[in-house]
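Trainee: Next come the chains, spelled out residue by residue.
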Amino acid sequence: MTTAPARPAINHAARTRGRNAVLTVITYLIAIAFLFPLVWMFLAAFKTEAEAFASPPVFVFTPILENFQNALPSYFPALKNSLVAAIGSTVLAFVLGLPAAFALAVYPTTRAQGTLTWMLSTKMMPAVGVIVPLFLLFRNLQLLDTLPGLILMYTTMNLPLVVWMMHSYMTEIPFAIYEAAKVDGASVAQEFFRIALPLSTPGMAATALLAVIFAWNEVFFAVNLTSSDAAPLSVFISSYKTSMGLFWAQMSAAAALTVLPVLIFGWVAQRQLVRGLSFGAVK
Amino acid sequence: MTTVAHPTTTTASPPAPKRGLRLTPAALIWPAMLYLILTTQVPFFMTVYYSFFRYNLVIPDERPFIGFGNYASLLTNPQNLQVVLNTVILAGGTLILTLLIGGAMAMLLNRNFPGRTLLRTLMISSFLVMPIVTAVVWKNMLLNPVFGFFSWVVASLGGQPVDWLAQYPMASVIAMITWEWTPFAMLILLTGLQSLPDDQLEAARLDGASPLQEFRHIVMPHWTQAIQVVVLMETIALLQVYGEIYGSTSGGPGLATTNLPYFIYQKAFAEYNIGLASAAGVITVILTNILAIYLLRMINRTNITNKGG
Chain G
1 MTTAPARPAI NHAARTRGRN AVLTVITYLI AIAFLFPLVW MFLAAFKTEA EAFASPPVFV
61 FTPILENFQN ALPSYFPALK NSLVAAIGST VLAFVLGLPA AFALAVYPTT RAQGTLTWML
121 STKMMPAVGV IVPLFLLFRN LQLLDTLPGL ILMYTTMNLP LVVWMMHSYM TEIPFAIYEA
181 AKVDGASVAQ EFFRIALPLS TPGMAATALL AVIFAWNEVF FAVNLTSSDA APLSVFISSY
241 KTSMGLFWAQ MSAAAALTVL PVLIFGWVAQ RQLVRGLSFG AVK
Chain S
1 MTTVAHPTTT TASPPAPKRG LRLTPAALIW PAMLYLILTT QVPFFMTVYY SFFRYNLVIP
61 DERPFIGFGN YASLLTNPQN LQVVLNTVIL AGGTLILTLL IGGAMAMLLN RNFPGRTLLR
121 TLMISSFLVM PIVTAVVWKN MLLNPVFGFF SWVVASLGGQ PVDWLAQYPM ASVIAMITWE
181 WTPFAMLILL TGLQSLPDDQ LEAARLDGAS PLQEFRHIVM PHWTQAIQVV VLMETIALLQ
241 VYGEIYGSTS GGPGLATTNL PYFIYQKAFA EYNIGLASAA GVITVILTNI LAIYLLRMIN
301 RTNITNKGG
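Residue numbers (the UniProt record's numbering), protein chains in the order written: chain G, 1 to 283; chain S, 1 to 309.
Keep in mind the hints are simulated off the structure, nothing from the lab.
Hints are supplied without guarantee of correctness; some may be wrong.
Unchecked claim - Chain S is faced by these chain G residues, among others (derived, beta-carbon under 7 Å): (1) Ala100; (2) Val163; (3) Lys241.
What the hints assert, rightly or not - Just some of the chain S residues that point at chain G, by a computed CB distance under 10 Å: (4) Thr24; (5) Phe52; (6) Arg54; (7) Asn56; (8) Val58; (9) Gln82; (10) Leu85; (11) Leu100; (12) Phe113; (13) Asn144; (14) Gln160; (15) Val162; (16) Gly252; (17) Ala280; (18) Arg301.
Yeah, the Cβ is synthetic: ideal placement off N, Cα and C, and Gly gets one too.
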């Protein structure tokens, strides 16, 4: 992705400068409005339950850590499941997807282009179109409420992303390098392990980050294929939608612990986000 | 879309490796393809198969073939029409709002001002938040009729407290999902704006174009592709919205916020009506694909026009 230099504001007249200042204030106001629900949630995580429920709302208070302590015992098992499912599915998607991306990038044929489009098209398959047979299949194979089952589904979700993104990174490797290797008698495997993989490490990092975020945030398969043993964070948080919803401060603490890692990942990888989210269609 | 072709290799087959593993490009692609076929195409055909049976998990042994019976009962029940309509209103309403707000925000952020990069980074936060967190936080802490923040705002402005999710269920859900998806639109549209060459705008200004003309004739044509990408990706995602509804309204009150994915979840996992749920799943897949294919064609057409012009 090229970083377009910020267009210099045209400050020929004081009037433009004044207009610019107004626009900047508006930008800040909209951004604050958008961030408010999150800020409110993070604040509530440090309030007492009474303060969290207070109306009119309390803005100034003495922060406490009790909510986090109360949320942690049920948070940790879900965290473990989320981590295993997110990382496991990302690793599996890489094992399956990297060789495919490499072959499609280095040996592009008309069929390869079709294959790539087909892989992307599997993303158009709504989960509800496959959930019924998968649920029955999982039940018969005893995969319901197990981490391997969840990993299998998240791999399906992340595999097209990995193939598509890594393909776009691998096509950026100068082709002359491969040709030089071929002249030296390198095998396909050597090209893959010695050239393609080392030269696309930054792309792999960005892709892995995105895949982990998507698996971490997934709800549909989590809710329908797990119940307790393998329940990830999304299922844990959904327990607050009913009876536990009476504990706002504790819910906020649990939610904060759940979204914070993803927020940090996303902020760090924001430039790569565009590429991953639009499948390279906009650069 | 990026199509990168290496002119020299279209027909070249890889040289046979002298020793060790025999890897051909096809052998590298097949594992991924096979996996996707097994986990998406095969189950989908099974869904199609189940949709022709009266099949309830409560009575698993009786599974009579009823042809298009499930489809007929889905399409003739006026209640289900509302579910389809809800799905379209939810996706369409959110899409329009995210394009308008995201577009405005992209234009505002595409200027030089202090804190621009930080603001842009922070603005993407709501997109990264887990849908179920969005749902429980909005439902409890913002939309609650008695203690919710929005009710307090309304009350302090002299209004009556509002039970948002009961009185305006669809609007509340759309607001919530718009909050989540606006950063996506903003991010893609901002990238589109930033790739607009400066000299084009300079030239237009020298020719005396008004800001409105500048926007219509230079920014808009350039922006079209980014807009189309947002429309395509959001359409696919928004037709599948589930977590937000599951976590906030559970499809209610009544059927007010039940969309197709939530409807299928209820039919399959609350009523165990596998046949009917499968038929609804097939309809959702068809609906998504018709829209996606139409939108993809549109994007490809614009791509060709842009390259030709």
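Trainee: If a hint holds in the structure, say so; if it does not, say that too.
Mentor: Status of the hints after comparison with the structure:
For Ala100/G, the interface hint holds, since its Cβ comes within 7 Å of a Cβ in chain S; the closest pair sits about 4 Å apart. With its C-beta approaching chain S no nearer than about 6 Å, Val163/G sits inside the 7 Å limit, and its interface hint holds. For Lys241/G, the interface hint holds, since its Cβ comes within 7 Å of a Cβ in chain S; the closest pair sits about 5 Å apart. With 10 Å as the threshold, the beta carbon of Thr24/S comes within range of chain G, its nearest partner Cβ sitting at about 7 Å, so the hint holds.
For Phe52/S, the interface hint is violated, since its Cβ never comes within 10 Å of a Cβ in chain G; the closest pair sits about 13 Å apart. Hint status for Arg54/S: violated, given a least beta-carbon distance of 14 Å to chain G, over 10 Å. Contact between Asn56/S and chain G, as hinted, is not supported at the beta carbon level, the nearest pair being about 12 Å apart and thus beyond 10 Å. Look at Val58/S: its Cβ only gets to about 14 Å from chain G, farther than 10 Å, so that hint breaks.
Hint status for Gln82/S: violated, given a least beta-carbon distance of 18 Å to chain G, over 10 Å. Interface restraint check: Leu85/S against chain G, minimum CB-CB distance 17 Å, threshold 10 Å, status violated. Here the hint on Leu100/S is broken, as its CB sits about 12 Å from the closest CB of chain G, past 10 Å. At its closest, the beta carbon of Phe113/S sits 4 Å from a beta carbon of chain G; the interface hint therefore holds under the 10 Å criterion.
Satisfaction of the interface hint for Asn144/S is found here, the shortest Cβ-Cβ separation to chain G being roughly 9 Å, below the 10 Å cut-off. The closest approach between the C-beta of Gln160/S and any C-beta of chain G is roughly 14 Å, which is over the 10 Å cut-off, so the hint fails. Nearest Cβ of chain G to the Cβ of Val162/S: about 14 Å, over the 10 Å cut. The hint is violated. Restraint check, Gly252/S versus chain G: the minimum CB separation of about 13 Å is more than 10 Å; hint violated.
At a threshold of 10 Å, the smallest CB-CB gap from Ala280/S to chain G is about 7 Å, leaving the interface hint in force. Using the Cβ-Cβ criterion of 10 Å, the hint placing Arg301/S at the interface with chain G is not satisfied: the shortest such distance is roughly 14 Å.
In terms of the numbered hints stated before, the structure departs from hints 5, 6, 7, 8, 9, 10, 11, 14, 15, 16 and 18, listed from lowest to highest.
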